[in-house]
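Protein chains in written order, with the numbering used here: chain A, 1 to 458; chain B, 1 to 458.
These are computed hints drawn from the structure, not numbers from a lab.
Beta carbons are placed, not taken as given, at the ideal position from N, Cα and C, and that holds for glycine.
Incorrect hints may appear among the rest.
Claimed, not checked - Quick look at which bits of chain A chain B covers, simulated, 3 or more residues with Cβ under 8 Å:
id, region
1, 38-52
2, 317-326
3, 371-382
4, 397-410
Stated by the list, open to error - With a straight-line Cα cutoff of 20 Å, these simulated EDC-like cross-link-like pairs (lysine to aspartate or glutamate) come out:
id, chain 1, residue 1, chain 2, residue 2
5, A, K324, A, D226
6, A, K349, A, E266
7, A, K349, B, D98
8, B, K353, A, D257
9, A, K363, A, D320
10, B, K399, B, E437
11, A, K353, B, E99
12, A, K349, B, E95
13, B, K353, B, E365
14, A, K353, B, D98
15, A, K324, A, E393
16, B, K349, A, E266
17, B, K363, B, D288
18, B, K349, A, D226
19, A, K349, B, E99
20, B, K399, B, E357
21, B, K349, A, E332
22, B, K324, B, E254
23, B, K353, A, E99
There are 2 protein chains.
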Amino acid sequence: MSDLLPQLASLVGERHVVSGETLRDRPQDFWNNVPTPARALVKPGTTSEVSAVLALCNGNGIAVIPEGGRTNLSQATRSDERSILLSLERLDDIETPDEAGLTVVVGAGVVIQTLQERCAASGLRFGLDFGARGSAMIGGALSTNAGGFQALRYGVTRDMVLGLECVLADGTVLSHLIPFRKDNTGYDLKQLFIGSEGTLGVITRATLRLHPAPVTRNTALLSFADFTAVARTLSRLRRDLRGTLSSFEIMWPEFFDFNVEALYGERRPIGSGASFYCLCEAEGFEPDSDGALFEDVISAALGAGDVADAVIAQSSRQRDELWKIREDFEAEQNFFNVMIDFDISLPLKVMDKFVAEVDAALKSEIPASLGLHVLGHLGDGNLHVTTGLPTPEHASSLKDLVYGLIARYQGSISAEHGIGILKRDYLHHSRSPAEIETMRTLKRALDPRNTLNPGKVI
Amino acid sequence: MSDLLPQLASLVGERHVVSGETLRDRPQDFWNNVPTPARALVKPGTTSEVSAVLALCNGNGIAVIPEGGRTNLSQATRSDERSILLSLERLDDIETPDEAGLTVVVGAGVVIQTLQERCAASGLRFGLDFGARGSAMIGGALSTNAGGFQALRYGVTRDMVLGLECVLADGTVLSHLIPFRKDNTGYDLKQLFIGSEGTLGVITRATLRLHPAPVTRNTALLSFADFTAVARTLSRLRRDLRGTLSSFEIMWPEFFDFNVEALYGERRPIGSGASFYCLCEAEGFEPDSDGALFEDVISAALGAGDVADAVIAQSSRQRDELWKIREDFEAEQNFFNVMIDFDISLPLKVMDKFVAEVDAALKSEIPASLGLHVLGHLGDGNLHVTTGLPTPEHASSLKDLVYGLIARYQGSISAEHGIGILKRDYLHHSRSPAEIETMRTLKRALDPRNTLNPGKVI
């Protein structure tokens, strides 16, 4: 189809079609600084334009790869020379939030942090937060069902969606932007498009749930001698902090000590030698009493012998320093020459045993492996496990080893990053042949010409 | 297929196949005391047996109607002479709840109240509660995505599901009984089966989320002069009761006065003449302070002038009396000769106007209509609107009138009761032709022979 580019230009405007050298000069994504291969990058400005672009490409057998902030961790927005990249970045409007109904309608191209700030200005909280907040877009978060730091309180992205508008491969627009929570009018179609990584439809717009914005914030770093004490403390905080617990991030000591050393050297924020460290944060509505309640609950956990040591942040600077231990991965990225990371969910009761077994197996079976960094969102059963190798040699056997153990512990091989290309060949470790075949059936039914993000997920 | 019954008996055991007069003597469901038409009622005891029954029926072109507690409000379990009824009642096991992980694995045949009580015995709360708790089963609640009294705190049934096992029309078993919240391993298949009323698969088992069981319970009946004061008070209670608000049930005065008169005559629990009455309940974890907090927050709402009058239940007997006003529909059922009810969701900001418009339209266009009873779960945007007629004449124009208004206000024609047969012809008031066609595409893909609950939903 030689006149594809002019046709695309006629649909979205010439300046919204990028091709040739300009496109090749753009890195494929945040993680892969390689030229972007694609016939063109198309930036529609409305849902109708998205629909027209899809109808054109679908009719001509041209693959379409939707993209947002391009910080996906599973290569879900990778394109090739024959495909069209479809950026949702121009669908970036935020309607006025409904303060009584606690909802907001947004376009897929809205950056997470922009929405967070817009909501905060109205005394509201959009409950999704993760490291890439400054670049990741709502459409990408919806397509990957992103999780993050506050899922234990506000849920994952799926839990925040009331209504959705999306476009099928053939250009059909499905719009159901309801602002209420209860709706049983036939099949809940939106669920198919949330988390399916752009393979079933292109999300253009959503009605999202909001929450009243808390006005207090209390943060502590806790250390523990054993895992059961960590789990008991999570239960205690969930209960005694009266619903204000918003984060409970666990770090195994190998990662914690590594990052503390890298960031602060000798200036450790808490004593060494513990078996686990947890960063916990509560956000509430009572300026007069939340701080005292937080201290009381932490004191009770210390008194009960569950918490070995505790540091409560006394300033926002100290809070930022504590969060940096959890959020800053620069030293880690430099340390692990060939970095290999796993984003997994596990039943709480086997988590500690699983990590010990991975550690032992790596040491005995992949002697070249460079340590094991484990951290995660304990309240969601979600761990991030990172290791590395001096060279790519053994990478494949290392992955087989860890994915095999995840399967044996009945865990999920992708908690919040999705499958994309990187994990496609491992999907069978978490899903049965019957489930994968059912996914293929759905893909064939909704996208019979395999137009949308082909080769991703399944 | 003349030897169907012996074949079914060979799959599930002879005593688990009911047919002939025994079956006909059984009422079709709780609401329709008519004989049950079907070739047989089959009661498999395991997921494998469900699979075998479905494979047999699907292979022979025989429709299968799944049923649970048979209290469905949209005739979603109606059978006919040619179909097989598939009861899940024998899949009634409850695994030991995981107190640390806050999960439980249950069979589809578990009665809601049985699960509530089993969880309560372990200090846990299963957050689903509605009137039919004593008969409705988990499988039915999942298939209809049931809502109920505590959705504002715990969500609807969909929000309580972590993992699901179900069987496709051809007998394929899809099992993904994960006990954690974060899982992005391909398409979230369970969402297709939740709320699709048995038309896409038969749910056999689920992993459900639990919560710590509250230990305090405080209940109040509030009256209001206007709707904005009701909405403001809901926001206030959500915020100031520190996450303990579990119910906020609104009643318009025509229903409230009617039911108070029917239940208690002159002994009114609260002064008359208000524009709205709300039953609110908080359940918390602090026996020493929750009662005082509840009184303080209600007092503040009175002091602010939003609440006109308030009665706080002083005993469990008084609490039950207050709840009875909301839950007891016996007098209403006797009063409305031909009862016509609507289960709808609406944006909060148009709710009051909608009700006023329905009231005026009924009075002017359907003069035979016998009043308008409105109540609902305000926190979920969900109203139950009931009216009646002396005879079935005008029933169809009354429905057209109300559904037309729901569509005009962009509401949902089914908030929590589903579509079944009763609302199938009205589905287009809430869903577009493109959405309904996409539902049909999914139905054809997963159940190409139209074996599962044919004629329901779409």
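Results for each hint:
Coverage of the region 38-52 of chain A by chain B is violated in this model, with 0 residues showing a Cβ closer than 8 Å to a Cβ of that chain against a need of three. Only residues whose beta carbon comes within less than 8 Å of a beta carbon in chain B count, and the region 317-326 of chain A has 0; fewer than three means the coverage is violated. Counting residues of the region 371-382 of chain A whose CB lies closer than 8 Å to any CB of chain B gives 4, which reaches the minimum of 3, so the coverage claim holds. Look at the region 397-410 of chain A against chain B: 1 of its residues bring a Cβ nearer than 8 Å to a Cβ of that chain, fewer than three, so the hint is violated.
Restraint check for K324 (chain A) and D226 (chain A): not satisfied, since their Cα atoms lie roughly 24 Å apart, outside the 20 Å limit. Proposed proximity of K349 (chain A) and E266 (chain A) is contradicted: the alpha carbons are some 34 Å apart, above 20 Å. Simply put, K349 (chain A) and D98 (chain B) have alpha-carbon atoms about 9 Å apart, close enough for the 20 Å limit, and the pair holds. Taking the CA atoms of K353 (chain B) and D257 (chain A), the gap is about 60 Å. The hint is violated against a cut of 20 Å.
Only pairs whose Cα atoms come within 20 Å are accepted, and K363 (chain A) paired with D320 (chain A) is rejected, the gap being roughly 34 Å. In summary, the hint linking K399 (chain B) to E437 (chain B) is not supported, as the alpha carbons are separated by about 24 Å, beyond the 20 Å threshold. Distance check on the hinted pair: K353 (chain A) and E99 (chain B) sit about 19 Å apart at the alpha-carbon level, within 20 Å; holds. The suggested pairing of K349 (chain A) with E95 (chain B) holds, with an alpha-carbon distance near 16 Å, which does not exceed 20 Å.
In summary, the hint linking K353 (chain B) to E365 (chain B) is supported, as the alpha carbons are separated by about 18 Å, within the 20 Å threshold. Of the pairs offered as hints, the one joining K353 (chain A) and D98 (chain B) holds, with about 17 Å between alpha carbons and a cut-off of 20 Å not exceeded. Only pairs whose Cα atoms come within 20 Å are accepted, and K324 (chain A) paired with E393 (chain A) is rejected, the gap being roughly 32 Å. For the proposed pair K349 (chain B) and E266 (chain A), the alpha carbon gap of about 57 Å is over 20 Å, so the pair is violated.
In summary, the hint linking K363 (chain B) to D288 (chain B) is not supported, as the alpha carbons are separated by about 51 Å, beyond the 20 Å threshold. Simply put, K349 (chain B) and D226 (chain A) have alpha-carbon atoms about 51 Å apart, too far for the 20 Å limit, and the pair is violated. Straight-line distance between C-alpha atoms of K349 (chain A) and E99 (chain B) comes to about 11 Å, which keeps the hinted pair within the 20 Å bound. In summary, the hint linking K399 (chain B) to E357 (chain B) is supported, as the alpha carbons are separated by about 14 Å, within the 20 Å threshold.
For the hint pairing K349 (chain B) with E332 (chain A), the CA-to-CA distance comes to about 50 Å; that exceeds 20 Å, so the pair is violated. Between the alpha carbons of K324 (chain B) and E254 (chain B) the distance comes to roughly 16 Å, so the proposed pair stays at or under 20 Å and holds. Taken as a hint, the K353 (chain B) and E99 (chain A) pair is honoured in the structure, with Cα atoms around 19 Å apart against an allowance of 20 Å.
Violated hints, listed in ascending order, are 1, 2, 4, 5, 6, 8, 9, 10, 15, 16, 17, 18, 21; each of the other numbered hints is respected by the structure.
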